[in-house]
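Visitor: These protein sequences, in sequence, are chains A and B.
Here the first sequence stands for residues 1 to 191, where the numbers follow this note's numbering.
Here the second sequence stands for residues 1 to 258, where the numbers follow this note's numbering.
Be aware that one or more of the hints could be misleading.
[Stated by the list, open to error] To list a few chain A residues with every Cβ distance to chain B over 10 angstroms, as calculated:
no.: 1; residue: R28
no.: 2; residue: L49
no.: 3; residue: T155
[As the list claims (entries may be wrong)] 30 angstroms max Cα-Cα, derived BS3-like pairs, lysine-lysine:
no.: 4; chain 1: B; residue 1: K76; chain 2: B; residue 2: K147
no.: 5; chain 1: B; residue 1: K58; chain 2: A; residue 2: K171
no.: 6; chain 1: A; residue 1: K149; chain 2: B; residue 2: K51
no.: 7; chain 1: A; residue 1: K171; chain 2: B; residue 2: K51
no.: 8; chain 1: B; residue 1: K51; chain 2: A; residue 2: K50
no.: 9; chain 1: B; residue 1: K76; chain 2: A; residue 2: K50
no.: 10; chain 1: A; residue 1: K149; chain 2: B; residue 2: K76
[Unchecked claim] What follows is a set of in silico ranges between Cβ atoms, one per label pair, in the way DEER data are often shown:
no.: 11; chain 1: B; residue 1: D142; chain 2: A; residue 2: N7; range: 20 to 26 angstroms
no.: 12; chain 1: B; residue 1: D142; chain 2: A; residue 2: Q125; range: 15 to 21 angstroms
no.: 13; chain 1: A; residue 1: E128; chain 2: B; residue 2: A34; range: 34 to 40 angstroms
Since the hints were made in silico from the structure, they are not lab data.
We put the CB at the ideal spot given by N, CA and C, even for glycine.
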Amino acid sequence: MAKNNHNELARFEHCVLPHLDAAFNLARWLVGNDHDAQDLAQESCMRALKYFAGFHGSDARAWLLTIVRNTTFTWLRQHRMQELTMTIEDDYFDAAAASSEIVGLSPSNPETQLSQQADADQLRQAIEQLPVEFREVMVLRELEDLPYKQIAAITGVPVGTVMSRLARARKRLQQILTSGATAPENTAHGL
Amino acid sequence: MDCNELNVTLNAYVDGELDALTTARIESHLQSCASCQRRLREQMDVRAAIKTATPYFKAPANLRNRIHAELHKEAKTRWLDYLNTWRWPSMGAALSSVVLFGASLVLVLSMPSADELVAREVVSGHVRSLMAEHLTDIRSTDQHTVKPWFIGQLDFSPPVHDLATQGFALAGGRLDYVNNRQVAALVYHYRKHVINLFIWPAGKETTSNPNEREWQGYAAYEWTQAGMQFWAVSDINTTDLRQFARLLRFSAIAPPPQ
């Protein structure tokens with residue numbers, strides 16, 4: 001009889017654990033360090049096992065990512081409340097726009113592409129400094145290639161909000177690419 | 001569709017989130033508007049830059065082991081709780097209905113759809129091209145050499161775009177046979193992998209959002225654009241293949257300046 005339970009675990013390991021990379025990656029981008037990300041990924045997996053009997057969908061990755069997202073946000077609320085204060089969202093983007101002198105957009109030629117390579121570090125830093133609600137949609141879209149609808153389901157916001165967050169985040173990063181500006185320092189997002 | 005409307009929908013368009021009708025309207029506007037083409041290229045550039053700048057953090061091996069151990073420990077304790085609450089008589093009935101349902105599901109699922117048959121054909125075509133060392137009939141990295149070669153061989157002219165600057169280098173083309181007709185097969189090299197791109201005139205649908213599937217370890221990516229049916233097949237991962245397909249779709253609309 002113990003076989004039955006083993007099968008359940010085997011099914012979980014077959015269905016959910018292949019998405020451990022995705023789980024860790026999301027947690028890592030949201031909290032910014034390996035140690036906490038590992039703990040959060042593990043906690044999420046244990047929660048997922050607990051609720052696995054109730055999971056009948058076909059997309060285990062999106063399901064696991066929802067659990068990771070919620071687990072991580074609960075943790076952020078307990079440990080870094082200041083990062084979740086969305087009222088500064090507009091200030092962040094206004095300050096960002098003001099601090100970058102937006103010059104004409106560069107045409108795509110090999111030279112620009114080279115300098116873009118050199119700017120990759122700067123760009124990565126800028127992504128790390130985006131407010132966490134923007135970072136999560138960027139990671140889910142750019143690294144997991146998820147459709148808007150699933151991103152909306154995972155993050156618990158309407159599809160329209162996903163669209164506008166993506167558009168604003170990309171615009172901000174485009175400004176950084178074309179003007180070489182850095183993220184503003186007068187926000188609550190520590191550098 | 002005007003420039004303002006396009007500006008609002010451009011993000012969703014590049015993300016492949018729009019319905020076929022809106023996509024077609026955008027693409028017809030793009031064809032005739034140089035400034036929107038430039039905007040599209042800028043979007044592609046910023047996305048490419050973001051992709052290179054955002055590492056994918058893989059789960060470390062020790063985390064994997066830790067979770068594995070923890071799961072087995074948890075499963076053991078849960079099983080003991082479970083035994084105490086289980087209602088034994090209902091089990092037999094439940095089990096037999098599950099078996100019946102499962103059996104009928106297997107029957108339904110094992111019948112391949114028309115699309116799936118084509119997917120199998122293009123994957124076989126891909127494998128065949130590698131095994132028989134008959135990858136190309138015309139070997140050239142120049143799209144202006146490859147494209148004219150097909151004229152006279154086929155009753156249609158496939159679009160040919162080299163994507164070497166984005167990492168997908170055109171290597172040549174050949175004729176192949178898929179879906180009961182002669183088709184164009186373009187060959188691309190990506191790192192050490194080969195991508196076969198099969199092209200033939202589409203049936204009714206002229207524009208559709210892409211579909212992807214995997215078959216025997218190969219990734220296949222399918223879409224329709226400007227009246228042509230495209231199937232890209234390779235052993236590279238689906239993310240890279242998706243990127244390849246995306247770049248092709250865009251270079252058809254906004255070719256990079258020469």
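Visitor: Each of the hints needs a verdict: does it hold here or not?
Guide: Each hint tested on the structure:
The claim that A:R28 lies off the interface is violated: its Cβ sits roughly 4 angstroms from the closest Cβ of chain B, which falls inside the 10 angstroms cut-off. With a least beta-carbon separation of about 6 angstroms from chain B, A:L49 fails to lie farther than 10 angstroms from that chain, contradicting its non-interface assignment. Taking the minimum C-beta to C-beta distance to chain B, about 16 angstroms, the non-interface status of A:T155 holds against the 10 angstroms cut. Pair hint B:K76 plus B:K147 does not hold up; C-alpha atoms about 63 angstroms apart against a cutoff of 30 angstroms.
As the CA atoms of B:K58 and A:K171 are separated by approximately 28 angstroms, the hinted pair is consistent with the 30 angstroms bound. Restraint check for A:K149 and B:K51: satisfied, since their Cα atoms lie roughly 21 angstroms apart, inside the 30 angstroms limit. For a cut-off of 30 angstroms, the pair hint linking A:K171 to B:K51 stands: about 15 angstroms separates their Cα positions. At roughly 34 angstroms between alpha-carbon atoms, B:K51 and A:K50 are farther apart than 30 angstroms, so this suggested pair is violated.
Distance hint between B:K76 and A:K50 is fulfilled; the C-alpha atoms sit about 13 angstroms from each other, no more than 30 angstroms. For the given pair, A:K149 sits about 37 angstroms from B:K76 by alpha-carbon distance, which is inconsistent with the 30 angstroms threshold. Against the hinted window of 20 to 26 angstroms, the Cβ-Cβ separation of B:D142 and A:N7 comes to about 57 angstroms, which falls outside the hint. For B:D142 and A:Q125, the hinted distance range of 15 to 21 angstroms is not satisfied, since their beta carbons lie about 40 angstroms from each other.
A C-beta distance of roughly 36 angstroms is found between A:E128 and B:A34, which places it inside the suggested range of 34 to 40 angstroms.
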